[in-house]
Amino acid sequence: MIEVQDLTKFYGPTLAIDRLTFAVEPGEIVGFLGPNAAGKTTTLKILAGFLAPTSGSAAVNGHDCLTASLQARASLGYLPETAPLYPDLTVTQFLRFAARAKGVDPKAESGEIDRIIEDCGLTEVRHTLNASLSKGFRQRLGLAQALLGSPPLLILDEPTIGLDPSQIVEIRQLIKELAGAHTVILSSHILPEVSMLCERVIIINHGRIVASDTPQNLSRQMSRGSRIALGVRGPEPEVAAALQGVSGVRTVAAQGDGRYLVEAGDLELRPLLARLVVEKGWDLLELKAQEFTLEDVFLNLVTEEEADAP
Amino acid sequence: MTGALAMLRKELIVYFTTPIFYLTGFFFLALGGFFFYTSAAYYSMVSLTAAQQPQYAAMLNAVQMIFRPLFSTLAIIFIMMVPLLTMRLLAEEKRSGTAELLFTYPLSDWAVIIGKYLASLIVYLIFLACTLVYPVFFSFLGKLDWGPVLSGYLGLILLGGACLALGLFASSLTENQIIAAVAAFAMLLLFWLIGWQQEVGSPGAGFFGAISLLDHFENLLKGVIDTRDLVYFLSFIFFFLFLTKRQLESRRWRA
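Residue numbers (numbering that gives the first Met the number 0), protein chains in the order written: chain A, 0 to 309; chain B, 0 to 254.
Just so you know, these hints were derived from the structure itself, not from any lab.
Each residue gets a CB set at the ideal place from its N, CA and C atoms; glycine is no exception.
Careful: at least some of the hints might be erroneous.
[Claimed, not checked] Some, not all, of what chain A presents toward chain B, calculated at C-beta under 8 Å:
{"#": "1", "residue": "51"}
{"#": "2", "residue": "55"}
{"#": "3", "residue": "72"}
{"#": "4", "residue": "84"}
{"#": "5", "residue": "92"}
{"#": "6", "residue": "100"}
{"#": "7", "residue": "101"}
{"#": "8", "residue": "104"}
{"#": "9", "residue": "106"}
{"#": "10", "residue": "190"}
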């Protein structure tokens, strides 16, 4: 659905994205993750046909975003980061314009607009001027215009930005419902959101892809080293020292209240640790392997990258 | 085609819901009405004199005394109003970020340009249609030679079309509506007055006369429909729409 090859974009002398290469299969929901100014929006703008790349190529649905721009644009729906709207039109007028601009079949137009208004929860504001919509409704209307005409690909730039928690849940639900029928690429810097919605995550920093995998695999890769959480009733300094003494343990962090976090090369240290505690005559209250969250992966990759930078 | 129509419809909705259309329309017609009244009143005064002194009667000509000056005045008023009608067209899309929607819809640049241009032209034609009241009203009171009046209207339509094309181009240059308006006004004034070079006999005066809006417009006012003038106005319109298209294309690259 999306083919990106060596995509590079300079803004004047500033390098925004640097030789990005990735592909998205039909039906996938891909999260584009990265800190601010990492190049997420630039990449999405190029895919949507709004910007031209400095070099490299991007294709949507088999159409090159630059040379076959109109065909590529016909197969996508795009929600820009700011969800821009025409302030002087009402919701229905705006959607009607969008439907015609996107070439929705005139006979199906009214039905399609009604369906989208219903799906996006815009019924109560359908005759309101865009200028007087609240942030939540603006975002929903932005999503609605992207969905019009059921394009096979949806490009959503920070779809939940600026929304309150209940609205965020609603929009996420809406995006989840789109899965299957549409291919979705969305950018975000909210990590739980990405791990919740996306089957695959592309992490980008300083315009380069630093990782691309499922959220689970990314967490697993990180846990080549793994973390074991222990709860032990016993004198803290001695417990910590004894744990540290086990071969294979890298660090022990006492977290107070009898809780310890052990970082080890291998999860198979668990039986050793359990035996040790019991042998010492302390009470073992808790023992569990801890998975790294996407947040850890992200911070790790991004900070590693920063440390590597000259 | 459907894209251009969608654009046209959207721009007309915006024109009719924002005050700028009503404001410019009001002043265009109020000033036009005022000039028509003064010219017609002067004409009727001269007519009374002519009734007593028949040698003047031959000089009486309603088209020359009322409509030619009226059309010149309408042209000047409209040139001042063009920037107000066109400044929003593309500049506002860029400022509010809606350009990002517009240029990611499967609309060609030409569809956007033609839709927006035709919307402004339709607004202008509505204003002009309202001024038809003057000659119709006059024709009930006296004999009116419709030929030069209609060629005057043709001149006004072509001149207005040319000014609007230039205004649209000015609006594509910036995201600031005020700058778009000032740029449009300055360029229009230049194209209007550049023909004055002929009178001081400066070198290249012929060239300046040939590109002057005023000179070509005056031919039509006199009732002379010359293909040179038609070609001039049509190429003027196409030239500025083409520049607008180039300007929109370059946006993708410069960002």
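Results of checking the hints against the structure:
| no. | hint | result |
| --- | --- | --- |
| 1 | 51 | holds, 4 Å |
| 2 | 55 | violated, 14 Å |
| 3 | 72 | holds, 4 Å |
| 4 | 84 | holds, 7 Å |
| 5 | 92 | holds, 6 Å |
| 6 | 100 | holds, 4 Å |
| 7 | 101 | holds, 6 Å |
| 8 | 104 | violated, 10 Å |
| 9 | 106 | violated, 13 Å |
| 10 | 190 | violated, 26 Å |
Hint check: violations occur at hints 2, 8, 9 and 10; the rest are consistent with the structure.
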